[in-house]
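Q: Going line by line, the protein sequences match chains A and B.
Quick note, in the numbering used here, the first sequence goes up one by one and the last residue is 102.
Quick note, in the numbering used here, the second sequence goes up one by one and the last residue is 1255.
A few of these clues could be false.
What the hints assert, rightly or not - With the Cβ distance kept under 8 angstroms, some of the chain A side facing chain B (calculated, not the full set):
#1 Met2
#2 Ser34
#3 Asp78
No lab work stands behind these hints, which were simulated from the structure alone.
Note that the structure is a prediction, hence the values are computed from the model and not measured.
Glycine included, C-beta positions come from ideal geometry on N, C-alpha and C.
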Amino acid sequence: MLLIYCPYCEVERPELEFRCGGEAHIARPTDPSTQSDEQWADFLYMRTNTKGIYAERWRHIHGCGRFFNALRETVGDKFLKVYKTGEPKPDLDAIAKEASR
Amino acid sequence: MSQPFRTHSGGRIDRNKQLTFQFDGEELTGVEGDTLASALLANGRHLVGRSFKYHRPRGILTAGSEEPNALVGIYRKGDQTPNLRATQVELYDGLKAISQNRFPSLDFDVGAVNDLLSPLFPAGFYYKTFMWPRAFWDRVYEPIIRAAAGLGKPPINPDHDTYGNLYAHCDVLVIGSGPAGLAAALAAAETGARVILCDEQSEFGGSLLSESDATIDGKSATEWVEDSIRSLSAKDNVTLLPRTTAFGYFAQNFVSLAERVTEHMADPDPALPRERLWQVRAKEVVIAAGAIERPMVFPENDRPGIMLADAGRTYLNRYGVKVGDNVLVATACDTAWQAAFDLADRGVDIAAIADMREKPSEALLSVAHARGIRVETGCVITGTQGRKRVSGALLGRVTSGGVTSAGEVTCDALLMSGGWTPTVSLYSQSRGKVVWDDTLGTFVPGAPVQNERSAGACAGVYGLSATLEAGYNAGEQAAKAATGKTAKLARAEANGADAGNGGILGALPHDRNASKVKAFVDYQNDVTAKDVKLAVREGMHSIEHIKRYTTTGMATDQGRLSNLNALQIASTSLGKPLTDVGLTTFRQPYTPTTFGVFANVSRGDFFDPVRRTPSHDWVVENDGVFEDVGQWKRTWYFPINGEDMHAAVARECETVRKSVGLFDASTLGKIEVVGPDAAEFLERMYTNPWKKLGVGRCRYGLLLNEAGFIIDDGVIGRLAEDRFHVTTTTGGAAHVFATMEDYLQTEWPDLNVWITSTTEQYAVCAVQGPKAREVIAPFVEGIDLSPDAFPHMSVATGTFCGVPCRLMRISFTGELGFEVNIPRRHGKMVWETLAKEIEKHDGTVYGTETMHVLRAEKGYIIVGQETDGTVTPHDVGMSWAIGKNKFDFVGKRGLQRPDLVAEGRKQLVGLLTKDPKVVLEEGAQVTKLANPPAGTSAEGHVTSSYHSSVLGRSIALAMVKGGRDLMGKTLHVPMPSGAIEVEVTDTIFVDKEGGRVNG
Ligand SMILES: [Zn+2]
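For reference, chain B alone in the conformation it holds in the complex:
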């Protein structure tokens, strides 16, 4: 075995399965069961990264998801996933990892100069330095900061992986599988309740996997875990989810889990997703999230080789890795002693146990004595040595007058423990309020706010026996609350792993020059004790302010490691009790969660539904160009023989006016309004009168909101006394339908009317142009198309190409026009028939661009283009559309509001540029002067602008203040290249008399 720090036996690893992996290009080996972190440590590597701000060398601090330092990039499928925690990355053969935030290499990093310049980077540095000028922020400061700071590099390619999503329901969701979680799951499962047990680690068992000599029911802790999991997996009512992080706790016990499905495999089944999102609705939740150890805040507490004591114990007992050959243990609590004992029992030299406390328990002292371990009490670490690996530490004696030097100790690793912090993140996310426990010196969950209970260490319950008991009780109670069923499971009896005492918060005292040394509080964000004190001195008195000013607690662990120490330092500096300083809020996600999990299948075509019309395939075959209109794919224009858009649109426009054109209008919204009160309903909804509209006739309808502003328009045909065919704009269809439903259900429930959306039921082929009647005539049966029998604005039912049809004679081009509505399933056939037919008449198919030009030539508005939600019918010259004798309609009262009847409102006008070749930009401002002084407000803006090939010049529509009184006047459209002169005209550019609709 080439891993010098690997033990010869023990642990949850398979020494016979050697794995090869790369770290920064160097080939190393590990074994099955390793994480990347444990494999690196087995090879004696502690240095794995550079810190965020000062680029200080950093090592592995923890053995869990709270790891702040060991963030790595992992290569997979030709790209790199950044910022993964090496403590969570499971080793597989061929794994390739890189360190981050260093240049050119981890060993020699030029950014480390920041560490020497650190007096320049105090708390609030960014706020203080980069205040102004504003332009510098965008061009100079931000690019430099982004280049110098930051963690890993984002992947550059689209994500090759797939992600799964599923919804699940259960009676009891147990989060965490340490002793409390396992006991809860066993007890709940025993009742027959549907149980989901999830754990973020690859293996169930939590802290039990790191136990050395504790027993449960006479078995070793790990045997008991294995037996428990075996019994759970044999039950149909239990779902076991390893590698699954509960990252979000939402309202009504809705909990989001991210399952890592294939990331740990060298060669995963391509059919499997990389991750799977579980959205679980649980009747009851048991949070058994455990506790994490707190770092101690002493000078230079961040050198590689300095690690949490329990992590050192985990690497030894679970992964068979010694974190060093000569280990110094610094602590303020009992549990770290066990780490020292376990290491000593494995032949590791313990340089000393330095306990802050004057009098640790006699029991611990005698065990240490029996092993011949040097013990220093009332002793703190006041500094460390070594650049890329800790090589020694300074000891200090805590006295009433301060700290006096107590010599130096050499070591190659330093394990520390400031005590334990219950993981209350998920409880906080459930909107529970944590409460301060003075005995434990930490925050614990208060009363549950949802159907939830915290059990074990996350609730401040320590010691194996007590934790198991808390778990059993929580599982039983949860199952009973969820299902009403009970079952008494025999309690397992535990020996060992008793609760320890002790713990410390805040910065430790030392005898060093306080202005020179760095004692880190938040490792990932490089926040020191000094920074927190400075923030307080500079006036930050709430923890929320201190957090934002220093960035403490804003790292990916959300301050799980650092919060309590930072709070204590702030509390001391402020002279206020810790509980008065407050605690920042834990938010989702609990640990960093990939965008892939959230985006999931909503990518590409699944991002948003794509709606296609019946002509779609034909358009693709005939090289039409599409544009996206909301979710619809609409044909923009049909280039032939290599035409560009301008040429294609010019040809299409001229052809429609000269002979005939075919247009797919299927996207228009369609609503069937039926019932004895249908006419009354439309009378109330639309501005126009409807009661006297004859059967077989159509009318243009204008829809306002109650404020009096235009929100939609369309043609409405009366098919029978009690039946109307309503059309809406493409974009407005859903909203108009919802608005109609709203009025029908809540304001006028007395009306006997049904409305049905029929947008998807009809395909619509618009045939427009002087030859339109000749084109459709051969296919129409049952409708007399003669001008007298079927005049402009008529509707009739008959057949078209032998299929049922609603034929409307309407025009959005100003030409003779028909719209053929056929059942959607026949749309393709009818479109292809008509496309062939128009060729005989020298016609053309045309797209939305030509449709826009043709309607602009006629001055027809498009809702949402000429209007913007603040435009009335009067503003666009459509007062004629308002029924004068109507008692009421939606928007009628609104139109009388003082602002809407005031003089000087913007009105729709035409604009003709003095130079006919110049086409204005839509959205451009219109002014009185060519060069208005700065601060002058515009007179209006251009709403539509096109080149009209029919007229051989540009045309535009604009909304201009008092525009209808400005006919013939000259205005200006200032542009970067100079102002453009325009003349104000009426809005109709082609066929002012309107005779062409009659063919």
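Same shape as in the complex, but just chain A:
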């Protein structure tokens, strides 16, 4: 069982307290009516499903209840970084370099 750091509670807690919310940084368009069918299908269904570093939404559902974002390395199943909702997506290349060191 993984340990996950909640950036709001500022504690490490077992995975059981959290729920994954799928890929992060997919914002719902502010006016969906302007979206073409292709754009909307992309928003609904297309995910990068990266082999490597993946930005995901996680929710501390049995703790503070808040959503945050995390970078998880999907091959080794390791959390590399967590950050609060609304904070910009980190530079994945820089994180990858750091992780390989």
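For this one, chain A is given, so just place chain B with the ligand on it according to the hints.
A: Coordinates of chain B with the ligand only, in the frame set by chain A:
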């Protein structure tokens, strides 16, 4: 003493405590400290089982958890636990064991005919033989295979035992208590670090318990173990866990341990669990799992009496048992010589030491010479004799041209050693990658991937001094890494038990007819050297394929005994270096682990929470019948005077429509949506418009996902400008709440809204029927119930029976209806009050079945029954629920997708069978023709179907392609007994005008 093979002194046993036990009904004796295996051997019994495929007689091969042959069933508490390793089963007085995989008896087993038929059972036999036809697999092949093969029989009764579970944290977890593990624990504990030391055996000490003449700090090895354990147990920062197997190494140093708490006791305290699961989060882990000896792969290497050399030594030195009177030792490495010397010193005849190597060390030769032991060098075993016990062996001289016969030797036991294999299972589980060590001729752990270090023999470090040193270092380093603290513990000085040389991998050469003899690689799965070679010839070139084709390494030891030999045979056959053939992955669990450990307390009522409504006790007292709806217990129907379900539901339905009914709706999800932007939030979530809904009014809400499909519905009442009472379906409550939170937090953080789940806070009594107002009126205060003041779809707060209440006038039956929401703690009182009151009005309590029939009569959908996650509001005729002038809501864009606006989608319709008595089956397919040709796709399916007692006929709802254009048309519902004719109708069967909601 009646145990003829018991020595007179020595060992970790108490000869004064005699124990009686049964094996296959025969009464035998052992002593305290025995395992079942050592007790059987003390009685001269080697034959303990029959092999998996060929039913060959098998004996005890090892003295540890890797035992492949000696699997037994143990009777306990009136049932039998199968497949326990006799080498791990501790003897207690009255123990009852049975052998397995034999019929009718161990001595005479009819399945042994498989051995004679063995040419029919080559590698991949199952794949080749039972390919087709498919139906034969289910009806013929599998039952026969299951009956003929297999190991023990599973217990038939529910498990009587209890199991414990606990989480633990420590600085340093030390796995294994041989010299390396003990030294690591001592060194780590010295720093003050919190240490857990676990070992799968009953006694700490590992290989030290089998030592004969080695000393540590001038003490015997076992004295040093005792002193070390005494000093560890005196420390508050140390937890000692014997009989505890570390079976799983997971991410971030999360290690699972299974502790056998009472299995070894004759009469355990019933308050204690049988086993205890420890889930340990360790800052640092020291793996000191040791090494195990490899069998030698020579023809007929599986007869009872053939055993690993170190096991023979363990039985002698630790358990005081001689494995035979005349023992032949076959080896390719030094350590087996020590077994021969120890046995000889105990008066056992050594028939010979046959060492494959041309030139074993002079030191060994001279010790053997001094004891008068015959030594054959450059010599292999080429076959053995004896049916149920080895009686002799063929020797062969290894020459440059092959093997030539070197005569026969008689013996009653044969000890063998192909060298040592480090136990890298847990290191592999930690996701470490093993590396090949050419000097040792084996795989050893590579770089650690987690906060872990392997120490001692499991890392390829042999010899007592070196092992102790590796343990001390690992313990110190682990403690420092975990706590930052250091302490230098004085090193114990060891003498003896030096590292040996030698070892062999793969099949040994011989001069026998290779097509006739069996040399076993994997004992438990009956895989021979020939099978591995055949697999290679038939095109299996990766070890993963060879493993699956032959089943080698798939036994309960996961190939700890067999992998390297199998790899070497494959590598030779393929002409590729061993490291290119690959190594299969070691997975959890390290040894077989009971389901009880995993299931633990999650059984019965603890398997899943049971949620009960406030009416529960009353329903039990009044003989209501429950159904499970998710975790909820809901009342299904209330039979009276011996009614069956059909009669009860018919009566309940008629009574509700005629007078009044009371229904427990507490399970409905409830969410309080509060804040200045509450209406805006609901506007965005639900399809309906909310901003203009007046305070005190309710509206039906429909919730979609972004794809445009219905996911939930419920009535929403506005209690104030900034406060809504939202209801959801019973099953959808948690998901709807989570979805709302998701949008609020991540998409619309600008909205000033709080949501709170209040499902558990309110009990809900639904009163439905023409007399509903009369029933509730006497108890309501503060709310004007008159139709003008409180019309259909109203909500108000007041009191009910003197307790605070939210009263809603809503209907899921089509009748005049009220839902009384009261604080849950008052739910029982209100329910009982109303149950009494409705009697005065000739009313009834009713359950979920009647609720379903009544709503179906009105054509109201149930999300999850009429819908299946691919259904839009238009499909179910609810376009009216979509706010036409809304800028946006969840699913609005989705509804415009081409597939969702296309013609020919399935639409909700009513179906009336031509024969009013016939009730359709829910889920049945709807077709145009009565007998459609095979391959025709259905036009739709039945979603709801009931007998309506009010209408005196059956009714059904269905999703049918273009259904609303088919009104009055005839369709068919094909069933095994013939097609049923149906007419397509609208969805409302009762009160089409909808006047009854006004009472
Ligand atoms: Zn948190």
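Q: All the hints need checking, so say for each whether the structure fits it.
A: Going down the list of hints, with the structure as the test:
The interface hint given for Met2 of chain A holds, since its Cβ lies 5 angstroms from the closest Cβ of chain B, which is under the 8 angstroms cut-off. The interface hint given for Ser34 of chain A holds, since its Cβ lies 6 angstroms from the closest Cβ of chain B, which is under the 8 angstroms cut-off. Satisfaction of the interface hint for Asp78 of chain A is found here, the shortest Cβ-Cβ separation to chain B being roughly 6 angstroms, below the 8 angstroms cut-off.
Hint compliance for this structure: no hint is broken.
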